[in-house]
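In the order they appear, the protein sequences are chains A and B. For the first sequence, my numbering gives the first residue as 24, with consecutive numbering after it. For the second sequence, my numbering gives the first residue as 24, with consecutive numbering after it.
These aren't lab readings, by the way, just hints derived from the structure by calculation. Keep in mind that this is a model prediction, so the values were computed, not measured. Hints are not guaranteed to be accurate.
If chains are identical, the list can't say which one is meant, so a pair holds when it fits in one copy or spans any two.
Listed below are the simulated BS3-like cross-link pairs for lysine-lysine, each with C-alpha atoms no more than 25 Å apart in a straight line [claimed, not checked]: (1) K390 x K172; (2) K442 x K107; (3) K110 x K423; (4) K35 x K172; (5) K415 x K75; (6) K313 x K44; (7) K557 x K252; (8) K557 x K262; (9) K432 x K390; (10) K172 x K557; (11) K473 x K408; (12) K557 x K254; (13) K37 x K272; (14) K110 x K254; (15) K272 x K33; (16) K519 x K450; (17) K495 x K254; (18) K49 x K38; (19) K35 x K272; (20) K38 x K313; (21) K252 x K272.
2 protein chains.
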Amino acid sequence: MLSDIEIARKAKLKKITEIAKDINIKEDYVHQCGNYIAKISHHYLRELKDKKDGKLILVTAINPTPAGEGKTTTSIGLSMAINKLGKKSIVTLREPSLGPVMGVKGGAAGGGYSQVLPMEDINLHFTGDIHAVTTAHNLVSAVIDAHIKYGNDLDIDETRVFWKRAMDMNDRALRQIVIALGGHANGNPREDGFIITAASEIMAVLCLAEDIPDLKRRLQNIVVARTRKGKPVTIGDLKIEGALAAVLKNAIDPNLVQTIENTPAFIHGGPFANIAHGTNSLIATKMALKLTDYVVTESGFGADLGAEKFLDFVSPTAGFKPDVIVLVATVRALKYNGGTKDFEQENMEALRNGIENLRVHIENLRKFGIPVVVALNRFSTDTDKELEFVIKFVENLGVKIALNEAFAKGSEGALDLAKKVLEESEKESELKPIYNWHDPLEVKIMKLAKEIYRASHVDYEMAARNKIKFFKKYGYDHLPVIVAKTQYSISDDPKKLGAPSNYNFTIRDFELSAGAGFIVALAGEIMRMPGLPKVSNAVNLDVDADGNITGLF
Amino acid sequence: MLSDIEIARKAKLKKITEIAKDINIKEDYVHQCGNYIAKISHHYLRELKDKKDGKLILVTAINPTPAGEGKTTTSIGLSMAINKLGKKSIVTLREPSLGPVMGVKGGAAGGGYSQVLPMEDINLHFTGDIHAVTTAHNLVSAVIDAHIKYGNDLDIDETRVFWKRAMDMNDRALRQIVIALGGHANGNPREDGFIITAASEIMAVLCLAEDIPDLKRRLQNIVVARTRKGKPVTIGDLKIEGALAAVLKNAIDPNLVQTIENTPAFIHGGPFANIAHGTNSLIATKMALKLTDYVVTESGFGADLGAEKFLDFVSPTAGFKPDVIVLVATVRALKYNGGTKDFEQENMEALRNGIENLRVHIENLRKFGIPVVVALNRFSTDTDKELEFVIKFVENLGVKIALNEAFAKGSEGALDLAKKVLEESEKESELKPIYNWHDPLEVKIMKLAKEIYRASHVDYEMAARNKIKFFKKYGYDHLPVIVAKTQYSISDDPKKLGAPSNYNFTIRDFELSAGAGFIVALAGEIMRMPGLPKVSNAVNLDVDADGNITGLF
């Protein structure tokens, strides 16, 4: 099979103005970025206000292998297949960070015959949204340190500035640093660090904001530090929410591109699925819902992370709900959950053990009251016996399942999946969140721990207990909870594969994302600044005299 | 008078596709970024290769007051006035950094009735070129620290990594930092710092490159560190010039916008005029020369910095030369050079003393063999007697001078200047550089010190003497010299106003920009990372619900 970029280069793209016209976006709202990318003004949503929403299809996955199971290619392939069936569909996705492109991970614009294009641009800079977030983020830091240097009127405690600096780069050397050395002219030395931009609360805020006033309100509420007396210091106290919103003025508009089969795709915003909610911007999804019959969107990591957040936090915030959930599974991830890392050999025992992971995710998703369809992504190493076993298992649970070969075959490989998804989408459903936002913080966490993570008990470490007091004192405990934990297990321990239960779930600490509107419960170490490997992908990346890029995958 | 942004908002812009069509740029090469900005593929230069160049007009200035004398408004106004006279003209300018927009300086897209538009976009992100340079720059740093962590095969001396990190922000707390703290996983601790992106050698390289292969060659040659044995370590040694060029793939294409009077403007690249050559990209100027009759371009700081570099380094590198030089002077800058800071009162004595600064710059520029026209930028506090005095003084030197009111009146205010510039541009001239690139390094510096800075002697501090040995050992001493010194005096001392002479010029140290192709001679402290003031402009900046920005000036 050809490489992603070879396949991409063979595709015949339509002009983006045509794509926009096909879905009836008025020309005035189309801000062209070259021939194949456009920003669509978010103001267009005001005009579409009274239009009926299309159906929403959420794509999620079981706990994956470290290589990933093809959730994005499934989302793209499914949307292309729905179009192939004569219905209208738009796929909405997160935009990839540039940092990881230089690391091991490579690009993130789908793959094989299920890609969004132009993949080189999407993976490198795209329309500059992430750079805008970086700039806004670092402006906050520069203002904090200037404030401290010039008298510190807000009485900011230099040892409790939670707001780190940000960069869209895999740069481990910036994780932990000491800044403002060199004496008086350079300010007051303190400990600091950089996070990757996707982990910035500004990224989360941008993806949740309804419009510019809502963006400013959320930015204003972000807590960056505490005073020496312990009081929260917000961006509103620094009076720069207007400047930040000005810096983000274009970044708030969704980006329109196309799939390899010329169907429309919105790619907008990229928050993490552990310390944030992990899905593309609400504005993009809302706009897509107004413009088409079926919107396929995706949430980050497994169903215990991204989908749970989508259902308990994103949907209530946005005022929409999915009509169907597609749960991506693979034979190899099930075998991995069953205890093997050898995916080349048929291994029914590992599969039988690992399939418990799929069962748990199906059970979990059913609790939310939304119909589920399993997409079984086919790999060349899967045997018929293995595939047959999974299909039977799922059908016995009363759930529809379809083989998916969108990676290798594009829409043709996802037609069966598309048909089953369309059928299920006709069912009436009502979203039943796992917890109520008004539950006490510990109750919200206990409900998640029991219902989703299958723990019997929640332990709080000292730091976490202190934060709970802080949240209660300053009125933040009504916020919903975003659990940050490993993606490799439904539990808080990446080594507990399959379907762990009856264990203690440990909350190490909390963080406050008051602008985004949630409390992050930290269950495990969360990496917020990746590093480059010994030989990074930067060594492979190249561009020729005509501007053709190679080494992107 | 209205504020810049109010004036900007009243302007009626043409679609950028129309502007491009007016100057005969083929549609295929126009990459639209919204309705009013376009990137023009640099590949178009290949097609234009055999077309005759237009005339080149270089705008420079005397030593300024800290508030600046309006060089950019003069360039814009002059180009608009040439168009008004029925000739075709394009202005080419540097793109503003975003960092200073948040500081005291504000934007940098001209002002009053001589602006380039859309000024909000030009001042904030624009087409992302500077973000691309930041990304490329920091990729080099991340790769250096990953290389050191994973065995350091190149034997990089951690105490001699010259390559700092970069950010487009005024952030003094990042000037001097310690990185990679926190133990093994985060790498090897060392001292580091951030410079503002405009000061990155990658910015200089981008602005000098002819095309992508030349860009890669220059990137490859950049020296980032020395080995423990003292040998230079280059980006070529790290094998990432291809990745950097891929990151800069779009940034190499010039940006086309328009002036407030709908005449075309290229705004592309923004290197400093102290540690770099201080003018917009060669690609933009070369393309403009092929597309129009008169190109107005500008060099940074005063004629002793930007213009000298343009004539001794940029022109020989590019293979073009100016046909006329416009020297911007103001009554208040002359009075400032004459020892007063009170510009409100008529002060003939200060003016008589200060005008020596103008005399020196005229003499200096005449040495290069190119005709000079003085633009006397009028301010409301200037008295007729003062203006008359300056005009007589210049005319007595046999040099043409015109009053310029482009800031307040647009092209109408620069018509007389335009006429005189067009007349002078008809004269045959030959560029005579001050030094020969093949002169020994100390000879090059001595020639500059005597002919331009009017010093009698050059002192070298220890660090500088050691670097000369290093350059000779590794074959870098044939490179031309870029002197980094104060912009407020023709000397190396900002307090020596007017026309200092017979003093010792001191070279403190050297830096190597082997990719850009020059040696930087440091004569004084050069600030490479500005800071925010106590109350930054970020507090004024805002955007309303409809996306209109306020607080930009």
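For each hint, the structure was consulted:
1. K390 x K172: Close neither inside one copy (53 Å) nor across copies (47 Å); limit 25 Å.
2. K442 x K107: within (11 Å within a copy, 65 Å between copies)
3. K110 x K423: For K110 and K423, the Cα distance is within 25 Å only inside one copy (20 Å; across copies 72 Å).
4. K35 x K172: neither (56 Å within a copy, 44 Å between copies)
5. K415 x K75: Neither, since 38 Å and 75 Å both go past 25 Å.
6. K313 x K44: Answer is within; shortest intra-copy Cα gap is 14 Å, inter-copy 36 Å.
7. K557 x K252: This pair counts as between: shortest inter-copy Cα distance 23 Å, intra-copy 45 Å.
8. K557 x K262: Close across copies (13 Å), not inside one copy (43 Å); limit 25 Å.
9. K432 x K390: Cα proximity of K432 and K390: none, with 33 Å in one copy and 70 Å across.
10. K172 x K557: So K172 and K557 pass the 25 Å test across copies only (8 Å; inside, 39 Å).
11. K473 x K408: neither (34 Å within a copy, 87 Å between copies)
12. K557 x K254: Intra 43 Å, inter 22 Å, cutoff 25 Å: inter-copy only.
13. K37 x K272: Intra 27 Å, inter 22 Å, cutoff 25 Å: inter-copy only.
14. K110 x K254: Neither: 54 Å inside a chain and 64 Å across chains, both beyond 25 Å.
15. K272 x K33: Result: close only across copies, 20 Å inter versus 35 Å intra.
16. K519 x K450: For K519 and K450, the Cα distance exceeds 25 Å both inside one copy (35 Å) and across copies (83 Å).
17. K495 x K254: For K495 and K254, only the intra-copy Cα distance (12 Å) is at most 25 Å; the inter-copy one is 59 Å.
18. K49 x K38: Close inside one copy (15 Å) and across copies (17 Å); limit 25 Å.
19. K35 x K272: Between copies only: 22 Å across chains, 32 Å inside a chain, cut-off 25 Å.
20. K38 x K313: For K38 and K313, only the intra-copy Cα distance (22 Å) is at most 25 Å; the inter-copy one is 29 Å.
21. K252 x K272: neither (35 Å within a copy, 50 Å between copies)
The structure does not agree with the numbered hints 1, 4, 5, 9, 11, 14, 16 and 21 stated previously, though it agrees with the rest.
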